[in-house]
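Peer 1: Chain by chain, the residues run as shown.
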Amino acid sequence: MRRFSASGLILALAVLLPVVSLLSMTVGTVSISLGDLFAADNNQVNTILFDIRLPRILLAICVGAVLSSTGAVMQGLFRNPLADPSLIGVSSGASVGASLMIVTAGGFIHSGALLGLSLVALGAFVGGFVATLLVYRLATSGIGTSITTMLLAGIAIAAIAGALNSLLTYFSDNDMLRQISLWQMGNLSGASWTKVSIMAAVALLLMAQFPRDSRALNALLLGESEARHLGVDVQAVKRRLILLTALGVGVCVALAGLVGFVGLIIPHIVRLAIGPDHRWLIPASALAGATLLVFADSLARIVVIPAELPTGILTALLGAPFFVALLLQQRKQV
Amino acid sequence: MTMLADNISLHLSGFDLLRNVSIEVEAGKVTAIVGPNGAGKSSLLKVISGELEPSKGSVSLNQKPLNHWSLEQKAQMLAVLPQHALLNFPFTANEVVGLGRIPHQTGSVKDTQIVAEALELVDASYLQKRFYTQMSGGEKQRVQLARVLAQIWQPCELGEQFLVLDEPTSAFDLSHQKLTLDIVRNLADRGVGVVIVIHDLNLASRCADNLVVFNGGVIEAVGSPEEVLTEQLIDKVFEVKSIIASHPVSKKPLVIT
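Taken in order, these protein sequences are the chains called A and B. Reminder that position 238 of the first sequence reads as 238 in this note's numbering, one-by-one numbering, no gaps. For this note's numbering, add 334 to where a residue sits in the second sequence, where the first one is 1.
Same shape as in the complex, but just chain A (with noise of 0.2 angstroms):
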């Protein structure tokens, strides 16, 4: 097993994720060429492009972005590569949440709006947000918190959060029942331009909290009291980083529904490929987390032209079959 450089990767990821969007913008129902992507005069064109495509793009790459390096963290922060941000129960609270308000609110969600989101967005993050603090609490004694504790504790909230979700699921009538399975398969057709700002001010946000933190997540592989004997203060590292999880994935949640697979494979592919060092890993993984969004999202909008898929569903039929052949590699090496 070699490594790649790790600056080469994360420079060939720069460059790959604005080629990857500029044609991005050029696929969809209506197929705009490159040329007229830079000499479009005509009003149509101009609406597709700026207030369809490009908040979408901008969309797809900072949740992919955001998916993707709390996913790093979190793998680091459990010390098992195959964890991922739902551990804290951030999604299957989030799932609990948008379902409520798509049964119980359910004529008001287009007219009820705030701050240009629909209270499913709304619902989606404080239920992620608040099943994360329960689980969170659950976990933290008197002598700090037991990611053990917090592992069962996601596992009991999620099962939870399922039940709930089934029992809100037997309560809705057809319309809402395809709400439901639309939201939870994540999609980011919903793009606008208060979406995006939101959601780009949380990824700018991790991205500068994050590396304060890289080194500290490299001692805390070798165990949480080897972490403190080089000096980590691991119960502040592991409340910060927890805390912007939870909001980094309950933003994307609720903006974009559940996007699978995002968050579990694309740090442990990045791992395999330049090594476990947070201070590389976390930003070679938001980048490769945004290009495979951005791909995935435009391949959902050609595939059943003139219809669309849901992004979440291309991102799993991507990253499943890719992750199958890993294991199978691991496998080999055992």
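Since the hints were made in silico from the structure, they are not lab data. Just so you know, not all the hints are guaranteed correct.
Now the stretches of chain A that chain B is said to cover, found in silico as 3 or more residues with beta-carbon under 8 angstroms [said to hold, decoys possible]:
1) 167-174
2) 270-284
Calculated cross-link-like contacts (lysine-lysine; reagent style DSBU-like; alpha-carbon spacing at most 35 angstroms) [what the hints assert, rightly or not]:
3) B/LYS585 to B/LYS390
4) B/LYS512 to B/LYS463
5) A/LYS332 to B/LYS474
6) B/LYS575 to B/LYS463
7) B/LYS390 to B/LYS363
8) A/LYS332 to B/LYS463
A virtual CB, placed ideally from N, CA and C, is assigned to each residue, including glycine.
Start from chain A and add chain B according to the hints.
Peer 2: Below, chain B without anything else, positioned relative to chain A:
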């Protein structure tokens, strides 16, 4: 300057792990701790390294209560090598040893040099770019030893430095056991206070200035190896019949069972 545990008791989930234990680790000396399994050796290490709060008694480092130092200051003076390593991510040996430099702000050029020197010292230069997850038990243990050595590689302005090792030689072959004892001795000569938990009584006898025998959560005996290692004591503590001879060269006590 010392690391001092004064009249420590430790109760955890209904068990008395330590009872009225006092121990003084002097800078520049090697203190070896021996005793049967479950005697409280590792518990004591956890208390003096600040990982567990004692139920009674106090711990101090360089004349200040241990928890009055900030975590970073403590990490600059005290390095700890635990018995079991949990690391299961594919860091290279260079990266693992580099983690030992986290408490210091010496810059990456200096750190790279220290990492290389520490790996060379433990005879692991050939592992530099190898993945930790693919190393043998003895290789992993040497890399972890290099990590804690890198942590206290340079003297610290805050006070004397200490190194706590919990069974550092358990996976080593003969030559690396000897290498470890030589490293420990050199560190002590440089002024570092070393605490080492070790099962092999003859290794303990060879390296220790001060030997502490633990039994059932209390200190059974303390003193130089010559004073402490007697046939009666070994019979009492380990329930093993033995003969104490004198090492033909070093003249240290030699335990023959």
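Peer 1: Are the hints correct? Go through all of them and say.
Peer 2: Right, here's what the structure says about each hint:
1. Check result for the stretch 167-174 of chain A against chain B: violated, 0 residues qualifying (beta carbon to beta carbon below 8 angstroms, three or more required).
2. Evaluation of the coverage hint for the stretch 270-284 of chain A: fulfilled, as 4 residues show C-beta separations to chain B shorter than 8 angstroms, against a requirement of three.
3. Between B/LYS585 and B/LYS390 the CA atoms are separated by roughly 40 angstroms; this puts the pair beyond 35 angstroms, and the hint is violated.
4. Using a Cα cut-off of 35 angstroms, the hinted pair B/LYS512 and B/LYS463 holds, with the two alpha carbons roughly 25 angstroms apart.
5. Taking the CA atoms of A/LYS332 and B/LYS474, the gap is about 22 angstroms. The hint holds against a cut of 35 angstroms.
6. For the proposed pair B/LYS575 and B/LYS463, the alpha carbon gap of about 47 angstroms is over 35 angstroms, so the pair is violated.
7. Of the pairs offered as hints, the one joining B/LYS390 and B/LYS363 holds, with about 26 angstroms between alpha carbons and a cut-off of 35 angstroms not exceeded.
8. Only pairs whose Cα atoms come within 35 angstroms are accepted, and A/LYS332 paired with B/LYS463 is accepted, the gap being roughly 22 angstroms.
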